[in-house]
Amino acid sequence: MDLTFSESERAFRDELRAWLDSYDPGSEPAGDEDAHYAWRRDFQRALADGGWAAVHWPVEYGGRGATIMESAIFFEELARAGAPLPANVLGLLLAGPTIMSWGTAEQKDRFLAPILTAEEIWCQGFSEPDAGSDLASLKTRAIRDGNGWLISGQKVWTSGAQYSKWCMLLARTDPDAPKHKGLSYFLLDMEQEGVQVRPLRQITGESEFNELFIDGAVASDGQLLGGLGNGWKVALTTLMNERAGLAFFLQVRLRQLLDALSAEVAAAGMLDDSGVAERLGEVHLRAEVLRLTAYRGLTATEKYGQPGPEGSLTKWMWSQTNQQLTELAAQLLGSSALRAADRWAYELLRARGNSIEGGTTEVLKNIVAERVLGLPRAH
Amino acid sequence: MDLTFSESERAFRDELRAWLDSYDPGSEPAGDEDAHYAWRRDFQRALADGGWAAVHWPVEYGGRGATIMESAIFFEELARAGAPLPANVLGLLLAGPTIMSWGTAEQKDRFLAPILTAEEIWCQGFSEPDAGSDLASLKTRAIRDGNGWLISGQKVWTSGAQYSKWCMLLARTDPDAPKHKGLSYFLLDMEQEGVQVRPLRQITGESEFNELFIDGAVASDGQLLGGLGNGWKVALTTLMNERAGLAFFLQVRLRQLLDALSAEVAAAGMLDDSGVAERLGEVHLRAEVLRLTAYRGLTATEKYGQPGPEGSLTKWMWSQTNQQLTELAAQLLGSSALRAADRWAYELLRARGNSIEGGTTEVLKNIVAERVLGLPRAH
Amino acid sequence: MRFELSDDHREIGRVARELLAVRAPMSALHEVAVTGEYDGALWGEMVSLGWPGIAIAEKHGGQGLGAIGLAVLLEELGYACAAAPLLSTATAAAAIQAYGAEEHRARWLPGLAAGETTAGIGSRDLAADADGAAVAVLIDGDRAELVPAPATEPFRSIDPARRFATVRGDGEPLAAGAADLVRAAIAAELVGICQRALDMTVAYVKERSQFGVPVGSFQAVSHRCAEMLLHTESARSAAYFAAWAADADRERLREASALASAAAAEAGRLVTGSAIQAHGGIGFTWEADVHWLYKRAQLDIAMLGGARRHLIALGRIAGERAAAR
Amino acid sequence: MRFELSDDHREIGRVARELLAVRAPMSALHEVAVTGEYDGALWGEMVSLGWPGIAIAEKHGGQGLGAIGLAVLLEELGYACAAAPLLSTATAAAAIQAYGAEEHRARWLPGLAAGETTAGIGSRDLAADADGAAVAVLIDGDRAELVPAPATEPFRSIDPARRFATVRGDGEPLAAGAADLVRAAIAAELVGICQRALDMTVAYVKERSQFGVPVGSFQAVSHRCAEMLLHTESARSAAYFAAWAADADRERLREASALASAAAAEAGRLVTGSAIQAHGGIGFTWEADVHWLYKRAQLDIAMLGGARRHLIALGRIAGERAAAR
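Protein chains in written order, with our numbering: chain A, 1 to 379; chain B, 380 to 758; chain C, 759 to 1083; chain D, 1084 to 1408.
These aren't lab readings, by the way, just hints derived from the structure by calculation. Heads up, some of the hints might be wrong.
Cβ pair distances, simulated, as ranges [as the list claims (entries may be wrong)]:
{"id": "1", "chain 1": "C", "residue 1": "A872", "chain 2": "B", "residue 2": "G444", "range": "48 to 58 Å"}
{"id": "2", "chain 1": "B", "residue 1": "K682", "chain 2": "C", "residue 2": "E803", "range": "24 to 34 Å"}
{"id": "3", "chain 1": "B", "residue 1": "G444", "chain 2": "C", "residue 2": "D766", "range": "29 to 39 Å"}
Owing to the predicted nature of the structure, the values given are computational and were not obtained by experimental measurement. For each residue, glycine too, the CB sits at the ideal point set by N, CA and C.
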């Protein structure tokens, strides 16, 4: 057991820090979502120029072939520097690795490079309004039409769809096959008439997510990834990549938020109140446990290719802790934290989504019970 | 809305208080379960002599025809006076009312009077080792044998079985009928060779409960209550009576325990610590909410014959609060509360059973979800 | 002992439920959130039904239905999550009547009861509907004061369907107990918010299917709903007790109000949060109206001062009482 | 960065798991509970494997496997819920080695490491295995002291499978950090207790059927098990961190030990309580061994001083650190 960074890890971190120190992202645009997105896009371009956009990608595709631990360090340092997530985060973390795993040589040639430079943004079209967490019951249909495919259906919770050129789309190509088996995985061009994007307004007032209305959109055979009827397996690759590195970004963002609250509480002299200190200590404990547990998961992934039991727990821990933290802020800071313009007000509302997005806590508990503990499938 | 006692309720309470003041139960025997039981039996005899044993029974059977509210007052005052539960509490609360509802004239004549005087103690034989909360799957069998019945099977969680003359026993008389329908309700004589009682030692070290091993026990037709194959309905009468008044005894016992802890905490000067005061306040809040909610349930029962939604909640609230209280005591009082001989140590361990006995919290939540909220049956 | 609403009080609730369902549907809140203005016609109807003066004695132009009547009405206001200065006006009037000086009553009650003027309620830094009000009743811990013609600075909170402001200007003290009465009223609104969150959730999970069955048949969901009921009924028991104490046993109001505040704050937080979670992704959208309940609950809890201070007070009450025995 | 046990440490755990499963089954605790005496042969085997000196340097007669080795071993002790003076002796030895004076090390370590003498551990009013011990290491907040030949008054706690006593007699101070090391060790035992409670529960709910299906297929049960895993793994992450800090980064031991204490206290309470609940009526009986885990957890938590004081300390650490930036 060694909880310090190795020499090469430290070198990686220091080089990245130096680059981040040298990069001036300008101030974060407030209020205007488009400007904010453009800011993130600029940031990714700069990352790409510096060779930092996709550290976990193999060198041959423009990455650094970074280890999993270095990949985590990358996101940790981004968050520590107050940098945003790169604009094409779904392309970098999900679409890229999935295409590397399942794509033909032509697909890799065509799609990977523009992901890196944020030239072509990607979104993920898995969820549907009636399917929720139950991907096996997806209804979007792809019908054979000459040499290509005609796709119709509806998707939901696609973040960044309004900025995206491509969509990782799961559609049913064989309605007669059993639920999982009739699915195929398409790389759908968003810039066509058959695809309409409608922003979905959230509890916070923002529109991070969208609905996709797909009506007779076309795709060629070259846009089918991993072969006909193999969509479920390809999608699993995407899902497995979903939080590998991102978890570290979120974990460090949580810590930053907690530090901000801790500083406010300390400055207000509230730490003398043992009840306040206890509550703050609870969140500090959970944030530390999350960090430690995430490191355990990374070590296991490095060694065995996948995390141990603790790997299924970090998303759940994070959402629980972030909600606890933002509620504590509202409780301790009083009415100022509930003003519409206040940072804490935004965080409080946004955190309600943490236990829903990327797998509801209920679904995560099912997964832990069935796959980690081996309990019979939930009734 | 009127949260004060009516004049007649006050008169009832004052008369009872006067009687309780005049009765000297002697000191509670410690350590010896038999002596403790004898003490409770003496207490019930005294109650019966004073006409207080079964206030809720009709006057014709030796009761006072008390209202539901008075019945609650009865248990409240018992707890307030530090008196024990009468020894034959299951006879008074469950067997008696069930026999009044379903019994023949002969059965009423035979069984009711000795319940009142604690001359014949009753226990309840519903649960079985393999059935748990699922009464419809009971396996104990009663087979026709000449003019009577031969009964075999196993029961569990029968409290007071070692002191009981009679048992309210559910057994299957028709193995071919659908699950609920083949059951009959027997008044089984415990004093026969075919019935063996084995005490079940608890986490506390005591043996409040027993297993019954029934092997060819006999019962006559006159010991069948409510008719052949009608056992499920008769059992529901017993279950409905199960906690009507008892809830008040438990609620006031909880309050007494909380007062004892509050006094200890106050005496130790710990109330200055806002964290301690907050924890104590949480339990005080829950105890008060339980009391108030129980009164709402009583009012509804008086008016409509059954409690409203809140009636399904009080057992759950009580078990949750009693566990919270005893854990708080262990936390605040430190190691002295964990000595085997300490009152708080006993209460801590005993409270673990609260969320299991008389309907597990999980089963209670199912009932609330299905019967109160109308949700589909749990999967 | 009779712990249930009288037929009269029940009838107030029934009428309010029906009227608000038609006249103040949640769909109207989307408009209010944009304009920041209340629907004057809705307020007019509330006035015509005598709601601002629900708790006010008839001699001051009210309906004389006491704090229990006020609680029942505010429960329905919370249930509808309606946008109107009713919590503030009806509660301030009740506080002035019970804890104001005779001159306060004479000066403010007739106008408030008649709906000719409105009142604000809350604290110096978080006052609901104080902007444009004739008078504000402000609380701070155990103290309460009355601020005539309050000078305000409006701001937007996360609940865009209620108008908040900070308040300056001299205040005149109200007698001890006024703050407890105000909090008891806010707790009653929270009970209604919780009930609505529960009802919306139960309806949704019966309807919505996943993995081939209604999601309400999963224990993770159904037990969550059962817990929402537990918290809602707990808050209701305490809020009714506080309203009764305000009417019938003022000696017990302080503790009763602390019980109601703590129970309602806890329920409001848990039940409205659970409602969002049980709705899944839909619950996180602006279109699904469940977020209004979460937001209003947060603001109401802030006006109560949070659960913690009341729990601390209750713990000390319990400790001191037990020690005194 | 490599957050996992080394192969050596893993092997210690494997051997201990296997040995204790055979030599210290829970069925043996029923006997201990009656006699109040430990099985001397079991202790002899532990000594022959060098367990009392697991963390002690080889020059003092130990195995030199550090605080991590100690944590792994105590996790297995907790898993077995074994009745032996191992927590006390091995932990006291580790504390004396790391935080005692040179003369303390010379005087106590060889005997403790060789199993010729035993040590007590805990506090003045709650010391495990202090009766008959050659020495006791007692903690009180941040302070720790060493009491040679402690004068004891034994008493029975709710955990009849461990011998407790109060301690009198003069003590000699140990350096700052000793108390943290002791608590880190107790936290490690709690991790094992939780793991056993989880394993027993998972096995039970797979086997036990109700309403025609295994009870583990009900979400009320399966999600409870998932939560037990969450708490167990949380405590494990923190306990390993504390053990690592004790070996490799003593500057961080204070915070790491507070994290481990708080996480283990919380996990111990919730996981062992959940295990009883998930076992239903059976879990409440003396025969079903799950109660031993609940009881030992309660005593370990008391020796840690409860979660609360550690949470308060952690909150102040977080606040002061953030304020200093």
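To see whether the hints hold, each was checked on the structure:
1. A872/C x G444/B: 48 to 58 Å: At roughly 52 Å between Cβ atoms, G444/B and A872/C fall inside 48 to 58 Å, so the hint holds.
2. K682/B x E803/C: 24 to 34 Å: About 33 Å separates the Cβ atoms of K682/B and E803/C, which means 24 to 34 Å holds.
3. G444/B x D766/C: 29 to 39 Å: holds, 31 Å
Violated hints for the displayed structure: none, as all numbered hints are satisfied.
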